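Single-letter residue listing:
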Amino acid sequence: MSLLDSLVRTARRRSPWLFHLNAGSCNGCDIELVACLTPRYDVEQLGIRLEASPRHADIIVVSGPVTRTTLEALQTVYAQVPDPKVVVALGSCPASCNMFAGSPTVVGPLDRIIPVDVYVPGCPPRPDAIVAGIADAVAILCGDVPRPEPTHVPVVADACATGGLS
Amino acid sequence: MDAESILHMLDVESAAEHRTDGWWVDVPDLDVRGLATLMRTREVRFVTLTGTPDTAGGYRLIYHWDADGALLNIATTVSAGCIASIADIWPAADWVERELRDYYALVFEGRAETPTLMLLEGDEPGLFSRTSAAGREIDPAVTARDAAEAERKES
Amino acid sequence: MSPVITMGPFHPALEEPYKIDVVCEGEHVTDASIRVGFNFRAIEWLAERKNYTADIALFEHVCGICSNVHTLCLSRAIETLAGIEVPERAQYIRVVVAEAERLHSHLLWAGIACELIGFETLFMACFGLREKIMDVLEAISGNRVNYAMNRPGGVNRDIADPGAVLAAVRAIADATSKQLIPVLTTDATVRARCAGVGVLTRADAIAYGAVGPTARASGLPQDIRASAPYEAYDRLLFEVPVRQEGDVFARVVVRALEILESCRIIEQAIEQMPAGPFRGDDYPKVPAGEVCSRIEGPRGEVFYYVASDGSDTPTRVRVRTPTFANMPTARPMVLGQTFADVPLIQASLDPCYSCTDR
Amino acid sequence: MTVVRGLISLLVFPGALFALPAGWFMMWLQRKINARAQGRIGPPFFQPFFDFVKLLAKEPVVRPRLQGFLMTVLPLAAVASTLGAIALLPVFPKAGGFSGDLVLLVSLIEVGPLCAVLGGFVSRSLYGGIGASREAVLTLAYNVPFLIALFALVASAGSFSLAGVALAAAWPVRVLALIALVACIPVKLHLNPFSAASAEQEIYAGSTTEYDGPRLALWELAHALEWVALTGLVASLAFPVADAAWPVRVVVFVAVSVALVVVLSFAAASTARLKLAQTARWFLLCGSGIALSALVVAFVRL
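Chains as they are written, first to last, in the working numbering: chain A, 5 to 170; chain B, 5 to 159; chain C, -8 to 349; chain D, 17 to 318.
So here's chain A without its partners, still in its complex pose:
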């Protein structure tokens, strides 16, 4: 591995910027993610920053079971984040739809819409679990750990958009 390569890997490991996207979550996960920024957890120590624009991000953190109404925005944001990028499913909702499974307005789980790399289980996960999940995502981002095989082939937008309502 060349010197430049290892420099880039180190930089990716030490500077993960997040974009957080709420796809119909109950706020539980979202507020715990915000708590990660605050003095007790202070993820800025690890170089983690919550970015306002998806163009600046390396890691997309998605919470919520993905509702029909957030679907389009979710796909737009996913396309807007430049490569290399990693998707973190925050909490139980994006993993399984949790208790919202069966709802006519929920089109998740998340892995049917975009490929998911890291799952952070919990309802909601504690801030330390979130930080650990981001660390897993960073390992994928900088190439220390291979990207997992996608669990589902993401489906096209139209099939989702009409889900349950047609």
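Calculated from the structure, these hints are not laboratory results. All values reported here derive from a predicted model rather than from experimental measurement. Treat each hint with caution, since some may be false.
[What the hints assert, rightly or not] Among the chain A residues that face chain B by a calculated CB cut under 8 Å, a handful are:
no.	residue
1	R72
2	T73
3	P108
[Claimed, not checked] Straight-line alpha carbon distances no greater than 16 Å define the calculated EDC-like cross-link-like pairs of lysine to aspartate or glutamate that follow:
no.	chain 1	residue 1	chain 2	residue 2
4	C	K10	B	E125
5	C	K276	C	D303
6	C	K10	A	E76
7	C	K276	C	D300
Note that the Cβ used here is the ideal one computed from N, Cα and C, for glycine as well.
Could you slot chains B, C and D onto chain A? The hints should help.
Just chains B, C and D now, kept in the frame of chain A:
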């Protein structure tokens, strides 16, 4: 103004019932706009409007009011699927009426437009009515989208 | 042709997805419309298909910030229908948890509001303080969010260490009155951003059906805890802070004072809490009927309507969350204000869109 | 000889070789102070450097050719002009060499914000556009006191040359003018309370909203260099002793710059963000007031 005087003014005192959670009264041929205007002038707070399907195929609408802290529930029946809107008298009722259209395709007459609130623009109203048969047996592993896809494959 | 600026559905000012279309002349707002529904998970629809036990867990997830008010309100509705009494100790425990939740919610809100006016240091201070009450909630319930405390007929867990709760609450009251309130009310930059901004008149507050701190900051002294006391509130002394101005600053002040009142309530409740059982033996059987239930959540009045046909599944559960009532008031508030104020004004309502959409 | 000196000041000190690490250090220091003021630990020492490298290594988003070109050239121009401005700083006023005048320095410093305004517009994002127009309004507002203060220095020194200004301006004028100049720095660096142009909570990341990967890295670089240029401008004007040895000059230059970073960071950490109109009003009234008084003193002395 307190709940009993309001009931007296509406002339439904005898039919009203006082329970632990407030006053309840059924008025089948309720003049909702008259009621709304009265409540507005007496500063009785509009709490919300509940719609629920009744056994006869119509809908039961309950107007909830807060009169000096006491809850006043005035119910009426909608059989033809439409009722007068009170959103112009009570801006507070605007969102509820839009929501009820989304859920049960109820029509509120007198509104210039009833945009969707919870559904996407252009969706057909009446989500709850349309899907009332679905999902009684929920398998957590199967989402509604899977069901829709399976249906599409079958047909 | 005035430009329409759409904020959202994913916007850094908003923890949650929602859209606000703002029509601007330069930096001045001439019209605004709010679009919600991004968090619409059809919880009311799901509730008609799950039994009461599952519904309690389901409604806990209406909102992750004020989860306790939803289970409390639903539990109270079921108790009223079934005609059962809650043991006295459980009533006090419910009050403690509800007020602790109000504390964390108000501190959270104060933090987010500071973040919105770019005052990051105060945001961090609020969240640092909030961690104290999160520790209390975690010690009581085992969870930081979604406490799963309420069940029909009582609460699921006892308060094991009331002394620790008292100590934490006193520390919060102290920090609030000595640090938070002085900074919030005297800092020149905070005042410049909040005073006179986003006024909601008393008449508008009534017409739009505003509830909670939003209504109280516009001169309406409404609070379900005082007007229709539930649980142990009729045995506790507290005041309902009311302001007449109706601007963002008034809403800041009302919530700051409520933090102190909540601390007072918790202190009294812990001291008065009697010994005894904290829940009934069995889950109640719910007879046919309909019932309304109201409690005062951190954001205002929470309203539940439950209809039952006597089976173990409700036929209809209707939820009117405080933000659903408050959110339409944002329109009269932002008219004539500058674009930079819009995020702050909507945040001053302490909006919760996952509550609104359900 | 002058060419060699010019190249040294452009590439070595106070130019690229010094300015790059110094800029990153100042960005880190600001974030660290901010974090400490908030009771946090804050970012590690090499954070801005790693941020930069990581952004450079990202795959750029494919854009239409002209837009992509502009979005690369504008931040590059900002970097180049700011670097040029740094090279002109009169750290060694007596050394001669390529001694530009104040007008050149100011125009080079102004190219950065101008590029940011243009960059916001060409990115074709609504928020980029709003950020850019705010940036433009603020540029106008703070330039009033900024230019008046510099003019007061020129008037007092009777010279447009940087070295002349650094050496000859009278003390009362200098102090007032420097206060006005320092007050302008937070606007350029998007620091509280004058950070309306990059108000994340209103307009995402302002004019850089649409920039990604290497293009964003260039903006970050320009931002780091602006730190050095602006604090350096004040530092070099604040130490006019002509016959100090060069190591002393360097040490004082660096020390004053860092002290300024500390002061500005603390000010930013303890304030909220003012709105655009409030910021503009502040500069047109208070900022200009201070600068004008400097000018008055300068003329009275004459």
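Restraint check, 8 Å cut-off on beta carbons, for R72 of chain A near chain B:
holds (7 Å)
Between K10 of chain C and E76 of chain A, does the CA-CA distance stay at or below 16 Å?
holds (14 Å)
Given the hinted pair K276 of chain C and D300 of chain C, is their Cα-Cα distance within 16 Å?
Distance of about 11 Å is within 16 Å: holds.
Return the status of the interface hint for T73 of chain A: holds when the least beta-carbon distance to chain B is below 8 Å, violated otherwise.
Since the shortest Cβ distance to chain B is 6 Å, the answer is holds.
Interface hint for P108 of chain A, Cβ within 8 Å of any Cβ on chain B
OK, holds: P108 of chain A within 8 Å of chain B, min 5 Å.
Below or equal to 16 Å on CA atoms is what counts here, so check K276 of chain C against D303 of chain C.
Holds: K276 of chain C and D303 of chain C sit about 8 Å apart, inside 16 Å.
Verify the proposed pairing of K10 of chain C with E125 of chain B, using a straight-line Cα cut of 16 Å.
holds (13 Å)
Comparing the model with each numbered hint stated earlier shows that all of them hold.
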